[in-house]
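Participant: Residues per chain are reported as follows:
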Amino acid sequence: MEYGYYPGCSLKSTSREYDLSVRKMCESFGVNLVEIEDWNCCGASPAHAMNEELSLALPLRNLIQAEKQHLKTVLSPCPACHSHMSLSHKESGENIKFQERMKELLKEEYTRSLTLKHVVDFLYRDIGLETVRSKTTKPLAGLKIASYYGCLNRLPGIEIEDKENPVMMDEIVTALGGESVEWSHKVECCGAGFSLTKTSVVHRLVKDLLDAAKIAGANCIAVVCPLCQSNLDMRQIELERKGEGPFALPVVYLSQLVLLAQGRKPDELGFEKHLVSCKSIFSMLP
Amino acid sequence: MQGDVHAFRNVILKLSGEDVGKCIQCGKCSAGCPLTPEMEFMPNQILELIRTNDEKRVLRCNTFWYCVSCQTCSVRCPEDIDIAKIMNTLRKINLEKHVTPSPREVVTFNQVFLDSIRGYGRVYELGMVMKYNLMTGQPLKDASFGPDMFMKGKIAILPHRLKALSLIKSLMDKSRRLIE
Amino acid sequence: MTESSHDKNITLLTYSEIESVKGSIGNFEVTIRKKARSVDMIKCTGCGECRQKCPQKKIPSEFDLGLGNRTAIYIPFTQAVPNVPVIDRETCIYFTKGKCQVCSKVCPTGAIDYEQKDELITEKFGTIVVATGFSLFDAKAYGEYGGGRFKNVITSLQLERMLDSSGPTAGKVVRPSDGKEAKDVVFLQCVGSRDESKGLPYCSRVCCMYTAKHALLLKDHNPESQSYVFYIDIRAGGKNYEEFVKKTQKDYGAIYIRGRVSRIYEKGEKMVVCGVDTLTGTALKIEADLVVLASAMIPNPDAVELAQKLNIPYDKYGFFTEAHPKLQPVESVTKGIFLTGPCSFPKDIPDSVAMSGAASVGVCAVLSKEELIVEPKIAWVDDERCTGCLNCIKVCPFDAIETRVVDGVPHARVIESLCPGCGNCASTCRVKAITVKGFTDEQVYAQIEAAMEKV
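Chains as they are written, first to last, in our numbering: chain A, 1 to 286; chain B, 1001 to 1180; chain C, 2001 to 2455.
There are no misleading hints in this set.
Quick list of the computed label-pair ranges, beta carbon to beta carbon:
#1 C:Lys2057 <-> A:Asp267: 51 to 61 angstroms
#2 B:Arg1177 <-> A:Ser113: 23 to 33 angstroms
#3 C:Ile2093 <-> A:Gly245: 50 to 60 angstroms
#4 B:Glu1096 <-> A:Lys103: 22 to 32 angstroms
#5 B:Leu1158 <-> A:Gln69: 19 to 29 angstroms
#6 C:Gly2199 <-> A:Gly93: 25 to 35 angstroms
#7 A:Gly93 <-> C:Ser2356: 48 to 58 angstroms
#8 A:Lys103 <-> C:Lys2432: 52 to 62 angstroms
#9 B:Lys1097 <-> C:Thr2428: 52 to 62 angstroms
#10 B:Leu1158 <-> C:Lys2270: 47 to 57 angstroms
#11 B:Leu1158 <-> A:Asp267: 17 to 27 angstroms
Far from chain A by the CB rule (all over 10 angstroms, computed), these chain C residues:
#12 Leu2013
#13 Gly2048
#14 Gln2079
#15 Lys2124
#16 Arg2205
#17 Leu2216
#18 Asp2220
#19 Glu2224
#20 Ala2236
#21 Gly2237
#22 Asp2251
#23 Leu2279
#24 Thr2321
#25 Thr2387
#26 Ser2417
#27 Gln2447
Derived from the structure by calculation, the hints contain no laboratory data.
Remember, predicted model here, so these are calculated numbers, not experimental data.
Beta carbons are placed, not taken as given, at the ideal position from N, Cα and C, and that holds for glycine.
Chain A on its own, in the form it takes in the complex (with noise of 0.2 angstroms):
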């Protein structure tokens, strides 16, 4: 099987590790991941807060990209670029003057014939929970996992899923073994963009969360946006350098996940590379 790649511009710097997990992840279940050439940035939240054309067109190009590479569907792991993506695929149809204009500025035409995936959609639907836990040899017993969605169902342009409680990441952590806990935050937001420019909301907000994890009795936070890692995993270092918590919660990708339930090592998977230590979940692993 073929899929197109857009990792986006956070998967190639800070958010390496989801990186390097989803192709080996990829890799384990017979998928074979072309990344699109020459890809831009998606234009993320800058580009749908400054200037809507560019919000667009920006996605746009790749997806020309991607036709051009005569690929079918395109896997892009951060909930953002999926959904800017998504948008752009969606005026396309439905939008003449869009369309036209759109041609103007990038000088070739998208012709709608891909299919856009995230990775917890690809997970659950493209290669079924049932693979999922047949490639499980090492299930994460011991694992106590607050699944975390942030905002991936609210996007515009997503339709996965209930907005409000949903269940596919939940069910795939179960399927590797773990438990799931059912706690109160799972879609609440994590601060986002306002890592930078905010850090003071971020801290706020990711307290809220972690504090919310540790009452349900979580011992680990599984995301799938690069975002929410930085926020849930760097801010947590400053909260407890600042005298909150301690909260000791790693906070993994669910692509690690998967690829440690399937026996691969640790060292392998990019563990080391968070900030706040993995070294808990190992020790609780048999």
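Based on these hints, arrange chains B and C on the given structure of chain A.
Facilitator: Showing chains B and C alone in chain A's frame:
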């Protein structure tokens, strides 16, 4: 409030497709917004100000720049008003009308981010963060994490330049802030 | 209820359903299914031995809305009329497993009849009064309020059962999760109502008043309690209603907060309610022991099915349509069928009682006459033109057209007592054989020409 009392409401309707006239001011948006402690006006108050044609107060406040587009308001609004979209439209009107944005750092960051795309086609995180820190007078912010992140290989030292950079540049020059 | 069951002019058919309705005003032929109770109504004395001895004791009681249990052989509530039980064949051990039969063993009059079957009776009636009431919107639809998962988020109707001193909690307002008495109680108004996204934009009219009543009674039952009411507007348009709400706030300490709640979540033992006070511009959180949802009043799930049996129109929600919203509020469009209570739209007890009085007079007006006077603007068939295609019969929503053989060919014939003059037939007929009096093509064109003259 006299004169064309529906003027601003109609501007928002035209640019965002959302009609604030539907709002019954139930407040559910504000009840669920994670950023209300920082906002001068809560989301429901913004909608009321738009409806009563108070363009000045709306464009000068910090509410829409504090919005993180988490979509909680839009998803729960009983009248199906896409409030997050309205906030996004207000950001652009604020820029178009050259009203000083508040908080400034958010716009500064956005500009630095977009400059990075213009320069390389992708975001060169190290360069962007350094530039942002300098421009906001906090050169050492988050510096304590630097060495650790560098050792873990999480920071790309050199930027990657896109082959199609000239297309990206032309795109950024020509794209319009608001689609009418 | 007891009075009406003893009245010699009233036959009370309980545990029965309408099977079908034919005919028209003055001559309705109604088939009724008397469902099998498995108990002989004549032999039963209402002693209650069977209910006492029934081993199936843990079936959630429908009347107590899951807060209490009942037995398999049961009466819905203590004051039920008649005082004759029913066997729930889906949970009864005899009917499901073939064992037990304790009830028939202990019954002193041998009234238990496991072989009893449904009985169909057909009778003629002059008029029909529909008073089928309402249901409550299922707040499971709100994932942000727990989606039905939280034990300590209940409906107002469940609270009503708790406040009843002969109810499942003996009058104590408790948390269903642990049975502890609730101290901090948060009430949410407009759950489902005034919500376009849930398809119910209307106001359910009664909730503001009953919530005020609940907050007041809660204080009576538990002086240590504190009520918080999240509202959007308070609708208190009735005699002494506004004063009542004010009393609840002023003298019974209920805190009214203007703002709709965004979400509810569990934190340890408490329920955290994330709301807002739009009047002060503050988002706030309240940690409650119990949350009460004032859910919307909606039509019964079988309302549409009943409307089709009766041939009465209903609106997009399933509420039965009045002949005229202002001038004929208790009559259905279909002559001879009257509407009362919340089946036509949410309303409270005084209004329901008033409507019932009006409907009764309407019934007397019909039944006391030998002849019926109807509106002349109804359909009629020109036999010279009718080709007998009978398409009009297919499109008539009121079953008001029958066939009559004319010169060996079946022709359409309008049943004048049933036809309200809707005109569906007239617009369908290809040869203009059936038309509505007063609205022939010529008459309508004349109206248009007269109106256009000024333009």
